[in-house]
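*Asks:* Order-wise, the sequence lines are chains R and L.
Each step along the first sequence adds one to the number in our numbering, with nothing skipped, and position 86 is 86.
Each step along the second sequence adds one to the number in our numbering, with nothing skipped, and position 84 is 1084.
Hint data in this document are derived by calculation from the structure and do not stem from the laboratory.
Watch out, some of these pointers could steer you wrong.
Unchecked claim - Below, simulated PhoX-like cross-link-like pairs (lysine-lysine); rule was C-alpha separation at most 25 Å, straight line:
1) Lys3(R) / Lys1057(L)
2) Lys111(R) / Lys3(R)
3) Lys16(R) / Lys70(R)
4) Lys70(R) / Lys3(R)
5) Lys1057(L) / Lys103(R)
6) Lys73(R) / Lys103(R)
7) Lys1011(L) / Lys1057(L)
8) Lys111(R) / Lys16(R)
9) Lys103(R) / Lys1014(L)
Claimed, not checked - Now the in silico label distances, taken between C-beta atoms and shown as ranges:
10) Asp55(R) / Glu1044(L): 19 to 29 Å
11) Pro1070(L) / Glu15(R): 42 to 52 Å
12) Ile115(R) / Glu1028(L): 22 to 32 Å
13) Thr1076(L) / Gln14(R): 26 to 36 Å
14) Ser41(R) / Pro1008(L): 14 to 24 Å
As the list claims (entries may be wrong) - Rough simulated footprint, nothing fancy, chain L against chain R, three-plus residues with beta-carbon under 8 Å:
15) 38-45
16) 102-114
Don't be surprised by glycine CBs; every beta carbon is placed ideally from N, CA and C.
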Amino acid sequence: AQKITQTQPGMFVQEKEAVTLDCTYDTSDPSYGLFWYKQPSSGEMIFLIYQGSYDQQNATEGRYSLNFQKARKSANLVISASQLGDSAMYFCAMRAYSGGYQKVTFGIGTKLQVIP
Amino acid sequence: DTGVSQDPRHKITKRGQNVTFRCDPISEHNRLYWYRQTLGQGPEFLTYFQNEAQLEKSRLLSDRFSAERPKGSFSTLEIQRTEQGDSAMYLCASSSDRVENQPQHFGDGTRLSIL
């Protein structure tokens, strides 16, 4: 079975500071992909960053980086230099193959609030 | 690339009525997914199409739910005899299998409210 665990229901960060959002995963599939999405209060899901299970280096996209620790099955999102517009829900997701078909599993999310 | 389009954005209906939602994926995407999201939760997978073939259905998808993608382009999700527990945001996403592990691109969702 596939599972994504996000243990931080809510996080606060001061503007311009860095913040780490935790994500651990579980899968028996050796090949999988990990994604982070942002969902503002307006509701749309915005793709942020992707990490493949065989990627040797941690993914980075602008102010977003993914701290991938395969042995610990963790894929934490690091947001540097937080901005007020970063306030949103953040979801970790995993795509893996189960029973021959791909399956995508989301965590329950972390609500991030950036304080001026 | 006009993005994933969902229609309608909002739907209010009485319990027991049937509703149908439409999703138009990004044109070159051959994979299409439906999710349901309730308040305070992440999206829950409902079903997945590769071209016109429905390859997987979640156990969450009861017999009252049916999805189609007849020509491998747009998709519809129908809920028959709606119940109050069906109130949720229904999200559609699409992706391409030409590059493995491409991210899914989401539409803005259809918010369903059952009176």
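*Asks:* Now tell me if each hint is right for this structure.
*Replies:* Hint by hint, here is what the structure shows:
A hinted pair counts as satisfied when its Cα atoms are at most 25 Å apart, and Lys3(R) with Lys1057(L) qualifies at roughly 17 Å. Of the pairs offered as hints, the one joining Lys111(R) and Lys3(R) holds, with about 19 Å between alpha carbons and a cut-off of 25 Å not exceeded. The hinted pair formed by Lys16(R) and Lys70(R) fails the criterion: a straight-line CA distance of about 29 Å is larger than 25 Å. Taking the CA atoms of Lys70(R) and Lys3(R), the gap is near 15 Å; set against the 25 Å cutoff, the hint holds.
Distance check on the hinted pair: Lys1057(L) and Lys103(R) sit about 10 Å apart at the alpha-carbon level, within 25 Å; holds. For the suggested pair Lys73(R) and Lys103(R), the alpha carbons sit about 18 Å apart, so the restraint of at most 25 Å is met. About 23 Å separates the Cα atoms of Lys1011(L) and Lys1057(L), which keeps this hinted pair within 25 Å; it holds. At most 25 Å may separate the alpha-carbon atoms for a hinted pair to count; Lys111(R) and Lys16(R) meet this at roughly 18 Å.
Using a Cα cut-off of 25 Å, the hinted pair Lys103(R) and Lys1014(L) is violated, with the two alpha carbons roughly 33 Å apart. Here the CB-CB span from Asp55(R) to Glu1044(L) is close to 27 Å, well matched to the stated 19 to 29 Å. Checked against the hint of 42 to 52 Å, the pair Pro1070(L) and Glu15(R) passes, with Cβ atoms roughly 49 Å apart. At about 41 Å, the beta-carbon gap between Ile115(R) and Glu1028(L) misses the expected band of 22 to 32 Å.
Between Thr1076(L) and Gln14(R) the CB atoms are about 46 Å apart, so this pair departs from the stated range of 26 to 36 Å. Against the hinted window of 14 to 24 Å, the Cβ-Cβ separation of Ser41(R) and Pro1008(L) comes to about 20 Å, which satisfies the hint. Counting residues of the segment 38-45 of chain R whose C-beta sits closer than 8 Å to any C-beta of chain L gives 3, which meets the bar of three, so the coverage hint holds. Residue count for the segment 102-114 of chain R with a Cβ under 8 Å from a Cβ of chain L: 8. That meets the three needed, and the coverage hint holds.
Hint compliance for this structure: hints 3, 9, 12, 13 are broken, all remaining hints hold.
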